[in-house]
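Engineer: Based on the sequences and whatever the hints tell you, model everything.
2 protein chains.
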Amino acid sequence: MRTQRVAAASFPCHQKRCWLFGGGDGGVLHEVSRHSSVEQIDICEIDKMVIDVSKQFFPNVAIGYEDPRVKLHVGDGVAFLKNVPEGTYDAVIVDSSDPIGPAQELFEKPFFESVARALRPGGVVCTQAESIRLHMHIIEDIVGNCCQIFKGSVNYAWTTVPTYPSGVIGFMVCSTEGPAVDFENPINPIDADDSHTKTRGPLKFYNSEIHSASFCLPSFPKRVIESKGK
Amino acid sequence: MRTQRVAAASFPCHQKRCWLFGGGDGGVLHEVSRHSSVEQIDICEIDKMVIDVSKQFFPNVAIGYEDPRVKLHVGDGVAFLKNVPEGTYDAVIVDSSDPIGPAQELFEKPFFESVARALRPGGVVCTQAESIRLHMHIIEDIVGNCCQIFKGSVNYAWTTVPTYPSGVIGFMVCSTEGPAVDFENPINPIDADDSHTKTRGPLKFYNSEIHSASFCLPSFPKRVIESKGK
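Chains A and B, in that order, give the protein sequences.
Just so we're aligned: 137 in numbering that gives the first Met the number 0 is position 138 of the first sequence, and the numbers increase by one with no gaps anywhere.
Just so we're aligned: 68 in numbering that gives the first Met the number 0 is position 69 of the second sequence, and the numbers increase by one with no gaps anywhere.
These are calculated hints, taken from the structure and not from any lab test.
Just so you know, even glycine gets a beta-carbon here, dropped at the ideal spot from N, CA and C.
Hints are supplied without guarantee of correctness; some may be wrong.
[Said to hold, decoys possible] Per the computed footprint, the stretches of chain B lying under chain A, defined by three or more beta-carbons under 8 angstroms from a beta-carbon of chain A, are:
{"hint": "1", "region": "140–153"}
{"hint": "2", "region": "161–174"}
[Unchecked claim] A few chain A residues that face chain B, going by a derived Cβ cut-off under 10 angstroms, partial list only:
{"hint": "3", "residue": "57"}
{"hint": "4", "residue": "133"}
{"hint": "5", "residue": "134"}
{"hint": "6", "residue": "136"}
{"hint": "7", "residue": "217"}
Structural biologist: Here it is as structure tokens:
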């Protein structure tokens, strides 16, 4: 959840309608709702207990549900997405677990095709993309799939999360064919001294410098990722 | 050791004479010796067993000792430094453990004063500076001490090391009064495709982008560190 909160804060342009896959705890909702340009946030969480537990025990995270722009759907996001009209969303965030077992299909081409179809031309997606320290074999496949499906821009970014295995986590940030998206240089950056909402205060970690630095890759993943992008 | 190897690879200009405090395993030596401009590397390791164990069990790390420019001193680095003539070194690397118990004095002003005295004007030092995730109270003190002692440039950089607590580690990279040092933009960058020595191959992690990104700080340490530097 925490990683995707960074991702949610980093969308590079004004987004009107967002779709969130998973993230039932409400943390990503909380970050997306910082953007005043967002008009609707659809969230699809498969497990209602995640929502209930978060509201009971983590009210500072579940606060995201209090935003009136949030529309909650409890159910299977994969099925939901298939029934969404083409070009519905400006932004999609996939807050998934690891690609083993139930979440495996969220890293495969059919799902990415559904996401691309649901996005408008030049729409953006951010999806969890594992650790460069542990999962280069998985990352290589994810990058390969994204390059085939998302015909705008395909990027790998990463950040540190102490509680995750190896202490780092990555994201694929991609766009569909259409108006160009420069992920490294957001039109609407959020800085620590720009709280966006007076009630919530500034971000503790994320700022413009950290955003740009997240696209700087060490040499070993850089070689692999760039080779898949050719 | 691994963190300081990154640091050793990142010295911003041609250095002729380096002093290494600790680092008996040989890893930092290995990285310093990539720089052809270095003429002499003095290493002061207090524990001979560290050296012996590394040579026996980690020959790929201890390979640093094979460089003919290395001069090994087994003994107390703090005492050694006090007897070094003023302005002896171009670069100092302090490969220390945490500031609890025997290593505590390596984070205090008298030691930093010894380092500054041993450096030439515009000489550079890199010293281990804990984790922004766990040790901001310690980092605040280290930055404060460095700002008082090193009158050139004082910077905090960080990187990820999965085996360290919280998965990240920082460095103070500072210079003494004299010719200006721009740590973020090294004169002599080492890139992954520039192996420096044909026998050792390219670096796996470090490159110019990662070097610059290591100076980008999240908002919470940035606020604290910048306030100490005022």
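Engineer: For a quick check of understanding: which of the numbered hints are violated here, in increasing order?
Structural biologist: 1, 3, 5 and 6
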